[in-house]
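Guided by the hints, dock chain Z onto chain G, whose structure is given.
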Amino acid sequence: MAVALPRPAPSELVPGVPGGDRRLRPGVPRVLAQRVRPLVLARDELLPVAPGFAELLGTLGLRRGSTLAVVADGARGTTSVVLALLAEASSLGAWCAAVGLEDLGSVAAGELGVALDRLVLVPRPGKRFTTVVAALLDGCDVVVAAAPELAPADRRRLSVRARERRSVLVVLTGSQAAAAVVGRPWPDGVDIRLAVTGGVFAGLGAGSGRVCSHRVDVVATRHGAYPREQRASFWLPPPPGNAPPASSVVAKAAVTSAGAR
Amino acid sequence: MRVTRPERTLVLWCPDWPVSAAGHRPEEAVAVVANNRVVAASAAARRSGVHPFQRRRQAESCHPGLAVLSRDPGAEVRAFEPVVVALERFGALVAVRRPGWAALATRGPARYFGGEESFAADVAEAVAALGERLGLAGAPQSGTDRLPFVGDWWRLGIADGPFAATMAARRGCIVPRGASRVFLAPFAIGCIGNAELADLLRRLGITTLGGFAELDEVDVCTRFGTEGVRLHRLARGLDGRSLDVRPRRRDLAIETLLEPPADDVGTTAFIARNLAEKLCGRLASEGLACCSLDIKVETSTGDRLGRRWAHDGAWTPALVAERLRWQLEAWLVGSGRTEGGEGLRAPAGIARLRLVPDDVVADTGRQLELWGRRCTDDERAARAFARVQGLLGPEAVVRPLLVGGRGPAERVRCVPFGDPYPVRFDDAAPPWPGQLPRPNPTVVPKEPYPAEVLDGDGHKIGVDGRGAPSGVPATVAVGRRPPSPVVAWAGPWPVDEQWWDTAAHRRRARFQVVTADGDAYLLAVNRGRWIVEGSYD
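Chains G and Z supply the protein sequences, listed in that same order.
Just so you know, the first sequence maps onto residues 16 to 276 in this note's numbering.
Just so you know, the second sequence maps onto residues 136 to 672 in this note's numbering.
Bear in mind the hints are in silico, worked out from the structure with no lab data behind them.
Take these hints with a grain of salt, some might be off.
To be verified - Here are the simulated SDA-like cross-link-like pairs (lysine to any residue), alpha carbons at most 20 Å apart as the crow flies: (1) Lys142(G) to Lys431(Z); (2) Lys142(G) to Glu421(Z); (3) Lys595(Z) to Gly141(G); (4) Lys581(Z) to Asp636(Z); (5) Lys581(Z) to Val607(Z); (6) Lys142(G) to Glu464(Z); (7) Lys595(Z) to Leu131(G); (8) Lys595(Z) to Lys581(Z); (9) Lys431(Z) to Arg442(Z); (10) Lys581(Z) to Gly222(G).
These numbers come from a predicted model, not from an experiment.
Looking at chain G on its own, in the form it has when it is part of the complex (with noise of 0.2 Å):
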């Protein structure tokens, strides 16, 4: 069994620099270091994701074991931000799943960059969403549950669930691709929250031009993590280059401000 070590602050865990997350503080010996390793390398434990989201979390990426929430706060976007936060790790090989998302784009997951052989379905869960969901949690490295209201026991269970099987559960609310489910979001026992609270749409204008990309504004609230709150904002898909789009047009939607709706 490995000996718990003082986890390396996230500068170290540099993923692809060859013992970069192995380097240790000064004054340990070289000896003692090889036997204290820890078995299971940190990079090992993070999934990727795209450079943006990187500082969103706070992570280099999508650390297993934890549950996220994405909820709308008075935006439209949330599964968007979903399906970009999976891509990366499904690009890689990472299995995906997502319960309970009845009327989930598939075309337009594969353009945000999750790759959709590596993307299980499963529609209607039907009563036995916690049951799905755990036994998902049993063999995907991440699952996206459109969530029901759930007992604070089950939720718990779930997140247990999630951190004993190394997986990340990402519940979703307040996705319009959530047919008739009548979420509301997790207040508790979340790692990390991220609430769309603003976007818009970019290349429409009156009578002409087409949505070319869509720009939303989140808000990360993070358990244990300094700045409790981070924003960000993202145009998804990103447009080529990664500038902003110039369209003459900016169709401006949401202003950006919690409880507008």
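What follows is chain Z alone, placed relative to chain G:
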């Protein structure tokens, strides 16, 4: 096509097996009929003009007093079994293509029995003795006596490959190695086994196999394709097909009766474990692996339930037991399920349990990747999905597959997990003119719901035959929600699909709309009816 040297093959052919199988001797006038046509006739009947494909009435008029039997394929197979068993005494690999035709690779056995001549003589003796025992042999006839390998109900032949050997069996002779082409040359082209090609060749002036064999292989390939080349090789005596070995007689299914019927999860789990070990042991002892497993259950009330479980061919007792337990649990506990209704009714227990391995293949072992990691991940995921399929049914867990189409809904097909998932679907490649450009809506309702689009004066907006809208959209009401002002829009993008098919013809004009609420929709209008095809969420 894989080109291999044809294998020396012995073929035992029973010309009128349906007649022999019905227990009639060749000298009795008998015809076997299916769908009102003669499929086989005894030698006596054939002498008076009865022949296959003849109508029943004509056959009866050819030979007054003809006994007409209807065909029984099951009985033919059963009756052929002793013949196959007799052949199996001479060599292990007996291939049966249909009742009345069996082949045996002769290389090993011929050496053991001291040459092909004496081997064939031994087989002939055994078959003749069997015929006498079963009462199939008739009175010896003049003419056939002189041939050593021809009985009154069977014929033997040895040649290179099954095709040439079948022809050799017609003559009852042994064709030396390499002489098959010369031997086959005089046979009529109709023997080739493809009526369409034979007919065409006859009209081209080629009437014998020899004539066909003289054609250049490249020309044959150009004109007749792969199937033509295969038949051309047959005609040249190069039958490279290996014998398809006779299916195993041993039944791999496992069954158990539960007395009293089991109705709780604990008992079934115990039974599941035992059965799983038995099944895996049986498969392993045969050196086999199965790719899917049918679980069949009979309840105490007489209901029958079944479900098929797929796996990549490495069932271990633990895996089988796990799935069995899940499935039984789902049936026992899931009786309260509303959808589908395939649960057990409350008081029923499981009375009989049957495991049938299917898609049985030789167990070649399994190769993990170098680090083993990815493969085990896939396996773990597949198990989780299989478990959910056990709970909700196989159709409930799907993988999206991109196919061709223009709208976002048409471009996705859902494939149940476990079904073959093509890496890339050719239809999805361009061109699809009029396809919705990126990005597609992230929400695509399964059932498009209605919308109402009004212009500034409150009139409904339509699109005329030339694709021009009747006004500028001012408000959009989606579903039952109140109307919301439009801040940006684009369209119409008319699509006229499958106009050649009246039933599938679909004509619509698409719009993109952003409302003041911050919602973006993909709308479509057809004959004044607006629907929401997708929304950007």
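Comparing the hints with the structure gives:
| no. | hint | verdict |
| --- | --- | --- |
| 1 | Lys142(G) to Lys431(Z) | 26 Å, violated |
| 2 | Lys142(G) to Glu421(Z) | 43 Å, violated |
| 3 | Lys595(Z) to Gly141(G) | 38 Å, violated |
| 4 | Lys581(Z) to Asp636(Z) | 23 Å, violated |
| 5 | Lys581(Z) to Val607(Z) | 28 Å, violated |
| 6 | Lys142(G) to Glu464(Z) | 16 Å, holds |
| 7 | Lys595(Z) to Leu131(G) | 39 Å, violated |
| 8 | Lys595(Z) to Lys581(Z) | 25 Å, violated |
| 9 | Lys431(Z) to Arg442(Z) | 7 Å, holds |
| 10 | Lys581(Z) to Gly222(G) | 28 Å, violated |
Violated hints, listed in ascending order, are 1, 2, 3, 4, 5, 7, 8 and 10; each of the other numbered hints is respected by the structure.
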